[in-house]
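Trainee: Residue-level listing of the chains:
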Amino acid sequence: MQSILEQVGIGNYIILSALLFCIGAFGILYRRNAIIMFMSIEIMLNAVNLLLVAFSTYHQDASGQVFVFFTMAVAAAEVAVGLAILVSIYRNIGNIDIDNLKNLKG
Amino acid sequence: MNTTSLIVLLFAPLIGFLINVFFGRKMSKNLSGVVGTASVLLSFVITLLLFFSVKQPITLHLSEWFSIGKLAVNFDFVFDQLSILWLLFVTGIGTLIHIYSISYMHDDENMYKFFAYLNLFIFFMITLVAGSNLLIMFIGWEGVGLCSYLLIGFWYKNQDYNDAAKKAFIMNRIGDLGFLIGIFILGFATNTLEFSGIQQAIDVDGVVSTSGWYSIAAFCLFVGACGKSAQLPLYTWLPDAMAGPTPVSALIHAATMVTAGIFMITRMNFLFDIAPIVQNIIAVVGVTTALVAASIGLVQNDIKKVLAYSTVSQLGLMFLALGLGAYQVAVFHVITHAFFKACLFLGSGSVIHALHGEQDMRKMGGLRGSMKITYITFLIATLAIAGLPPFAGFWSKDEILLTAFHENKVLWVLATIASIMTAFYMFRLLYLTFFNEFRGTEEQKKHLHESPSLITFPLIVLAVLSALGGLISLPFGNSWLNHYLMPIFAHKEHAEHHLGATEYGLMAFAVLGALIGIGIAYNLYMKKKEVPTSDEVQGLHKVLSNKYYIDEIYMAIIVTPIYGLASFSKNFIEKYISKSVFGLGNVVSVLSIQGKKVQNGNVGFYLFAFVFSISAFLIYLFLIR
Amino acid sequence: MNTLIAIVGLGVFCLVAEIFNFRKAIIPVSVIALLALFGLTITDNLPQVAGDYSNMIEETSFSKTFSSLFILLTALLLVLSNNVYKNTSKISDFISIKIFMLSGAIAMVSFNNMAMFFLGIEVLSIALYVLAGSHRLDIRSNEAGMKYFLMGSFASGILLFGIAMLYGATGTFDVPTLYDASISANTEYWFYIGVILITIGMLFKIAAVPFHFWAPDVYEGAPLIVTAFMSTFAKVVAMAAFFKLITILNSYMAYSYEIVILVISILSMTIGNIMALRQNSVKRILAFSGISHAGFLLMTLLNIGAAANNLLYYSASYALAGVAAFSVLIYVCKNEDDDKIDNFNGLAKRNPLMAVIMSLALLSMAGIPILSGFFAKLFLLNQVISAGFLVLAIVAIVNSMISVYYYFRVILAMYTKDSVKQEVEHGSEFYIVGIVAAVLLIVLGLFPDTILHLI
Amino acid sequence: MNISIVLILLLAGAAFTFFAGNKFASKIALLVSVASFVFTLYALNLYLNGADLSCKSIWIQNPKIYFSLAVDGLSLAMLLLTTGLLPLIILSGWVTKFENEKAIYSLVLFMAFAMAGTFLAADGLLYYVFWELALIPIYFIALLWGNGSLEERKNAILKFFIYTFGGSLFMLVAFVYLYQKAGSLEIESLYALALTETEKTWLFLAFFLAYAIKIPLIPFHTWQANTYSKAPAIGTMLLSGIMLKMGLYSVLRWQLPITDTAAKEFMPYILGVSIAGVIYGAVLTLRQKNLKKLLAYSSLSHVGLIAAGLYSLTIEGFQGAVLQMLSHGLVIVGLFFVSEIIFNRWNTYTISEMGGIRSQATKFASFFMILVLASVAMPTTFNFVGEFTILYSLYNVNIGFAIVAGTTIILGAFYMLRMYQQTMLGETNTKVFADVTIVEGLVLLVIVVLVFFFGLYPKPIIELITPSLQNILNQIN
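Protein chains in written order, with the working numbering: chain A, 1 to 106; chain B, 1 to 625; chain C, 1 to 455; chain D, 1 to 477.
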């Protein structure tokens, strides 16, 4: 049976994940709400996950999929830390707008 | 003569100097004077012995000094006719002036220093005269300049005197640079600085390169002589140098040091003989100096200034003789001049001493009565310098005029005018000082007195010498001096003049000229009893009173521009260099401050820069490359 | 691998010790254990059997020497921590996080598989995010944590994308295979995109211009001891890992890639130095100085075959100078609100020894002989010139010249300004660390050969 | 024995002085300096008897760097200058009461160590290390014990540091480049190296930048006057007496032999610059109000002449330059000490506030006069031999150079005598000026005696330095 990958073509997967990645990047660039910026980072990481899985299938090699698990775990840990920081920021200044964080400069 | 005595001759004054420097303060004033005098006297005695015993030049090798490249310089001295002759009157007159100074400087708290410096001067003068190579001569040359500096500024509390001392030193240094360059040229061309070596080298290839480097060297040496012997354009220090105590003026600035230039040129006669162009320059410079200085001397009112200008003028005449190749004539005039000029200076010192430091002739007068010995000696010396026979000055000056007449009539005319002027201003001096009424204060008048015998003794000796000095080289053939100096000169064609009608006529003319000068002076200052006024003078007189404005001109064209350059350098160039170097630092600093604005604390901006840079790299690496 | 296991074990021990109330013992035990490990690691010369640890870890002289350096740095910084966390209740958290961070660092230089590398770098980064924000009540610390986190995870994403590209091009995460692919002619161009993206990720980690913006802000906001970790330890780790990655992925550098590195190196040195000139916060000065040192470190990539030892030497001397400087800085700013340069005023009178240590550290960073910083720069220059980049060498020395100005500002403050403060004793840890680091700086300078042939 | 003993002695002396405490520091420092001088003399004796005093061992394997000290007449002469001046400089410090004496004396000894090392090093990198190392102690000496307002001093000295440090970094690049070519930085291998003309040109310029700043030649001199006037006397003496000789020595030892053709090519220009410096420095002194600044500019003028001697590329020029380095070292130290004595009495360096000292302090005035005379190169002083030789060598190159450079004897006399007149002469000052103390007198006496001794008998020094200078000249040609 022809796999879904062969039907769609690896190139399209790459383009898709690149687009997803760019959407994430633009999200980070254009949104000022920290939560949404976290989500954008998640989108970027998931774009990579998608890419890894696609390549994994393409190469008929399981290690790519294993790597995805690592990535997901790491992303989870990252977001946990990020949210923790965000909470303490909220406690200190009462909002989570990233533009308020300009104490350190110069 | 054995080496020991030569060494004693050389170093006795130095030892006198050292004793006075280190122990002078503890010794009594008289003792330091005696030590100083004795050390010079010792040299004089040995010189006398030398004079009578030496027929062949003696060389004395003390030690090596240094050698660079191919050039080796040693502490070598040579005692030949020329140096012995010079030593004789240097140490002789030196002794007299030391004796004179014991009394003259007796009231000065720093008398021991005075004798120390005088001794040091004699030492350097001996070095200058006896050195057997150019560099040893240069030691003496600079050394006497130093002593001159120290002695002009002896009363160092007066800054004007210090200025004069400094001026003397620097003017001399200008000449010294010329001297040095001359040394370089000769050293490089001949690989030796020994006089004998240079002479040999010139004998070998002198004819081939008559002009060229040897001429330039000769010119450079002449520049050195100009500085030391106060010739145009470097003479202005000498009148100022009268700031020093009068014995100094007599010894250094009349009798000995200022003749060093003549000594040097005489020493190097073999070099100047092959550089006729330079000889012409020397003659012209000499006669011009004689005229200029004499004309300034006409209107000076300071007794020592008059004598100073007369010295410059007489030196000019000597240079004229040198320029004409008549070295022995120049030497003759040096010697007679040393006698009468020392006598004049010491006499003026005696006058000044009596008047407690007054030097302005307008405030003198009538001293004939109270200062008999001073007056008589002064009169003899004045007659000598004015060129009246049979006094020494007549014979030597006449020989110069004679030589000039034979070589170049224009020079002769100018030189004659200068001597007429000399006769005039010297008698002006004499009349103003010793004749008519006393014009000073009553206080001074009460204290007028003849000077003590320590002062009058040298005056008498010098007056006798001024009167009889001409005997050493009478023009009637068989001149002892010419004969004595014969071995020194390479070219002997100027040896003697045959006395014919022309010569006797010239002599008569010279005497007549002198009498004219004296007559005018008599007319003005004895008959009309004029006293120069301090009021504003006009026209030529004003120019002369202001010494042709030469000091002012030097100030305007040399000193002021240098100071201007200094200010310009300090305020502009230095700052500009500094700014341009550290301006870079400021630019960086400004960049740093501006850069802080980029680091604005905004994460959004940081991320934007991040993404932008990624894009830039990717575009560069994958599209542009 | 044994080192790695032991270190993770040590981290677990710290956590457990807290439970059993051995708080006082945590730091001494950790430091002693780390020193022991340092000795073991550096002397370990057992040959590695192929296929060990499923090819996830390789033990080369490179990894061993750098691991030893990291362990030593951690040990020194932990000694400093002893004083800092004296009155904190959760001491084990801080210490164990640092020790885990060390494990991440060691993974970053001894990986044999990209997964291992990725795990290492994330362990290091996440630990640093936590530490940077660890002054919960201080908004500046929070801000630092947030900024670092946002930009760090963004960079991680890019790095990860690069790894995915490598995987896409080769179908493996295995380092030897990747190396083979990098030198083979018919590798897909995704591979190179991957390499570039990884490069960018690593440039971010070492804070090279233009990916440096986070560094000054985060350094300034983070607690001092954390800044010390970031500016010395983390930077050196990232650079070593970067070096290793490039040796694997791009050892036959294309000219255009070299140009990129060259430009970044020049920019980092220049901008870092220029920006440092007018800073008042010592932490920011050190941050910008770190940026410029990153530029110097990047030079090693231009002659990658021969530069490993130089990298080690430079890293060691830079990190040790940093440790010495931070030991004084923490000492000086212990009871202060900020870390302005003014706090150093009159230190030479108050405490000459500390002033001397600080001076030595700064002079070393400025590259004055006989301190090791000079030789570090010298070896780099030598290597850069032998690779033919004379321009880079000249830019480097011009930068050394500029850097003198701001290093000397601190020295001037210590020696010429009058102090308003009274001296208080803060504990001996600072002296121990400062002296050890300073002596090491001098010893390394006098005898560069000691560590110059380890790799 | 090998020559490293002197270095070890100085270094250990620095440490020992520091730990001896403030009470004994000055005495121990003096002792160490005298001992080092004695050792240098002993080494000189051995050297003259043909002993090999050099020492060499490998320092760094890769890049290949040796710890290599070589001894020849030139380096011994410079070492003698260093260790000979050191006791005088330290003794002159006794006059001043320093805060924290142990630190300053140990820094002085350390600096002497570095400078002595610079003169002895025979490996490029070792030389460079010593060269830079000398900068740190003088920086701190000037900074911590200097005079004038702290703010100005700080800036002036930092300027000096960055300037000289920056210049020498270019030399470092040159050395690294040479290492690439030669595979070693040993002086013999560098001498043996065959380089292209272009390479030599660039290397020459890199070296020149370092040395022109250190010496200093115009227009790289802007750090000098300020630093000299801000530094304490002891530091100024170290700077002017020894440290600037490092630059001159290096020209001779490193720059000229390695970049021979470029040296010949650039010779006229650099002679021009040096001689311009002679006049420029002299002219600038005329507008200085500060005695130390005046001396600094006079120093600028003198070193310009020395540099001209070096770049004349003749044996006479080399000899003269080395002689003048030694004599200038002696005399400038004496002059700065004189200014310090005045400063100690009256707390001023401003010339207009001085005057009328001679009548109060005869001995002091005499010493000062002799130093002034030596500085203007009176014959029979050491300076005359050097200056004469340099001018002679310049004449060999071009009579124009000799004449222009020779104006130094006029201008020098002008500004030095003017300075003497303004500071010492005139009506007795209302402020009391005590004559020299025993220590002061001793220092000045030693300097004066040496100035005259070597002025009359420079032969031993000339014989010491000439063979090595001839070697260098042969290397250039």
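The hints are simulated quantities; they were obtained by calculation from the structure and are not laboratory data.
Some hints here could point you the wrong way.
Claimed, not checked - Computed from the model, here is a short list of chain C residues facing chain B with C-beta under 10 Å: (1) 5; (2) 8; (3) 143; (4) 151; (5) 193; (6) 203; (7) 210; (8) 266; (9) 271; (10) 274; (11) 275; (12) 333.
Think of the CB as a built atom: it goes at the ideal place given N, C-alpha and C, for glycine as much as any other residue.
Trainee: Take the hints in turn and mark each one as holding or not.
Mentor: Okay, the hints, checked on the actual structure:
With a least beta-carbon distance of about 36 Å to chain B, the hint placing residue 5(C) at the interface is violated under the 10 Å criterion. The criterion of a C-beta within 10 Å of any C-beta in chain B is not met by residue 8(C), whose closest approach is roughly 32 Å, and the hint is violated. About 8 Å separates the beta-carbon of residue 143(C) from the nearest beta-carbon of chain B, less than 10 Å, and the hint is met. The criterion of a C-beta within 10 Å of any C-beta in chain B is met by residue 151(C), whose closest approach is roughly 6 Å, and the hint holds.
About 7 Å separates the beta-carbon of residue 193(C) from the nearest beta-carbon of chain B, less than 10 Å, and the hint is met. About 9 Å separates the beta-carbon of residue 203(C) from the nearest beta-carbon of chain B, less than 10 Å, and the hint is met. Restraint check, residue 210(C) versus chain B: the minimum CB separation of about 4 Å is within 10 Å; hint holds. With its C-beta approaching chain B no nearer than about 15 Å, residue 266(C) sits outside the 10 Å limit, and its interface hint is violated.
Contact between residue 271(C) and chain B, as hinted, is supported at the beta carbon level, the nearest pair being about 7 Å apart and thus within 10 Å. Contact between residue 274(C) and chain B, as hinted, is supported at the beta carbon level, the nearest pair being about 5 Å apart and thus within 10 Å. Among the interface hints, the one on residue 275(C) holds; its C-beta lies about 5 Å from the nearest C-beta in chain B, closer than the 10 Å criterion. Taking 10 Å as the C-beta cut-off, the interface hint given for residue 333(C) is violated, the closest approach to chain B being about 21 Å.
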